[in-house]
Amino acid sequence: MTKAEIVQALYSKVGGFSRKESAELVDLVFEMMKDTLGKGEKIKVSGFGNFVLRDKRQRPGRNPQTGQPINISERRVLTFKASQILKLALNLRAGAVANGGSAFGATGSDSAATED
Amino acid sequence: MTKSELIDALAARRPDLTKARAELVVNCVFDAMVEALQRGEGIEIRGFGSFTVRPYKPYSGRNPRTGEPVDVPAKRLPFFKVGKELKEIVNGSRHLPITGGKDDDH
Chain L
133 MTKAEIVQAL YSKVGGFSRK ESAELVDLVF EMMKDTLGKG EKIKVSGFGN
183 FVLRDKRQRP GRNPQTGQPI NISERRVLTF KASQILKLAL NLRAGAVANG
233 GSAFGATGSD SAATED
Chain R
3 MTKSELIDAL AARRPDLTKA RAELVVNCVF DAMVEALQRG EGIEIRGFGS
53 FTVRPYKPYS GRNPRTGEPV DVPAKRLPFF KVGKELKEIV NGSRHLPITG
103 GKDDDH
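Protein chains in written order, with this note's numbering: chain L, 133 to 248; chain R, 3 to 108.
Keep in mind that the hints were calculated from the coordinates and are not lab data.
Treat the numbers as computed from the prediction; the structure is a model and nothing was measured.
Heads up, the beta-carbon is just placed ideally off N, CA and C, and yes, glycines get one too.
Among the hints, a few may not be true.
[Said to hold, decoys possible] Below, simulated DSSO-like cross-link-like pairs (lysine-lysine); rule was C-alpha separation at most 27 Å, straight line:
no.	chain 1	residue 1	chain 2	residue 2
1	R	Lys86	L	Lys166
2	L	Lys188	R	Lys59
3	R	Lys21	L	Lys152
4	R	Lys59	L	Lys219
5	L	Lys219	R	Lys77
6	R	Lys21	L	Lys171
7	R	Lys77	L	Lys171
8	R	Lys59	L	Lys152
9	R	Lys77	L	Lys213
10	L	Lys171	L	Lys145
11	R	Lys89	L	Lys145
12	L	Lys219	R	Lys89
13	R	Lys21	L	Lys188
14	R	Lys59	L	Lys166
15	L	Lys145	L	Lys166
16	R	Lys89	L	Lys188
17	L	Lys171	R	Lys83
18	R	Lys89	L	Lys135
19	R	Lys83	L	Lys166
[Said to hold, decoys possible] Some chain L residues judged to face chain R by a derived CB distance under 7 Å, without partners named:
no.	residue
20	Tyr143
21	Glu173
22	Ser178
23	Leu185
24	Ala214
Could you put the whole structure together from the sequences, leaning on the hints where they help?
Structure representation (structure tokens):
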């Protein structure tokens, strides 16, 4: 799936936006997430997962190709922790509770509040 | 930032958008991504990152509390690889404190 397909989903499932508006809105959502993470702020999306920032200290490493010891500088990294709801959604089996529908209610204000 | 704060921020950026419409937009974006992952399909957002679904084989583990052996069935888990641009943006924020609450609450 590419961003274009997310735009298409927005255009076809949520009425009232032109294709151009749909594209702008999807872009804006990802831009705002990038800006937030770029300010050192984590993002928690209930029902999907958390985008977590971690500061790593400087540590010794090796060039895996040559075996040469090198220094890995201190850095801040981003990791994604999938929510339990998403993990369950990827592992629905016959006999399991079927909830093939939307993880995010189309109307409710905080539909995934039961996650914890 | 939580999803509802993301919705508020989107509504603030687009005055033509009501909060209810902003909520539909944000939910639709994440719904589309969940559905793709459920189909086993990866997601690629340039400049942001990519999500893939990784299959894991079944294994027998143990209940860490009781020591009892348990069979862990095969499963699929989502994996996120940070995009180059976002990786650089994040690393550039090193001088700022990390905010936004604990890591482990959803």
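Hints, verified against the model:
no., hint, result
1, R/Lys86 x L/Lys166, "holds (12 Å)"
2, L/Lys188 x R/Lys59, "violated (31 Å)"
3, R/Lys21 x L/Lys152, "holds (20 Å)"
4, R/Lys59 x L/Lys219, "holds (15 Å)"
5, L/Lys219 x R/Lys77, "holds (9 Å)"
6, R/Lys21 x L/Lys171, "holds (24 Å)"
7, R/Lys77 x L/Lys171, "violated (35 Å)"
8, R/Lys59 x L/Lys152, "violated (43 Å)"
9, R/Lys77 x L/Lys213, "holds (16 Å)"
10, L/Lys171 x L/Lys145, "violated (32 Å)"
11, R/Lys89 x L/Lys145, "violated (32 Å)"
12, L/Lys219 x R/Lys89, "holds (24 Å)"
13, R/Lys21 x L/Lys188, "violated (38 Å)"
14, R/Lys59 x L/Lys166, "violated (34 Å)"
15, L/Lys145 x L/Lys166, "holds (25 Å)"
16, R/Lys89 x L/Lys188, "holds (13 Å)"
17, L/Lys171 x R/Lys83, "holds (20 Å)"
18, R/Lys89 x L/Lys135, "holds (19 Å)"
19, R/Lys83 x L/Lys166, "holds (14 Å)"
20, Tyr143, "violated (10 Å)"
21, Glu173, "holds (4 Å)"
22, Ser178, "holds (6 Å)"
23, Leu185, "holds (5 Å)"
24, Ala214, "holds (5 Å)"
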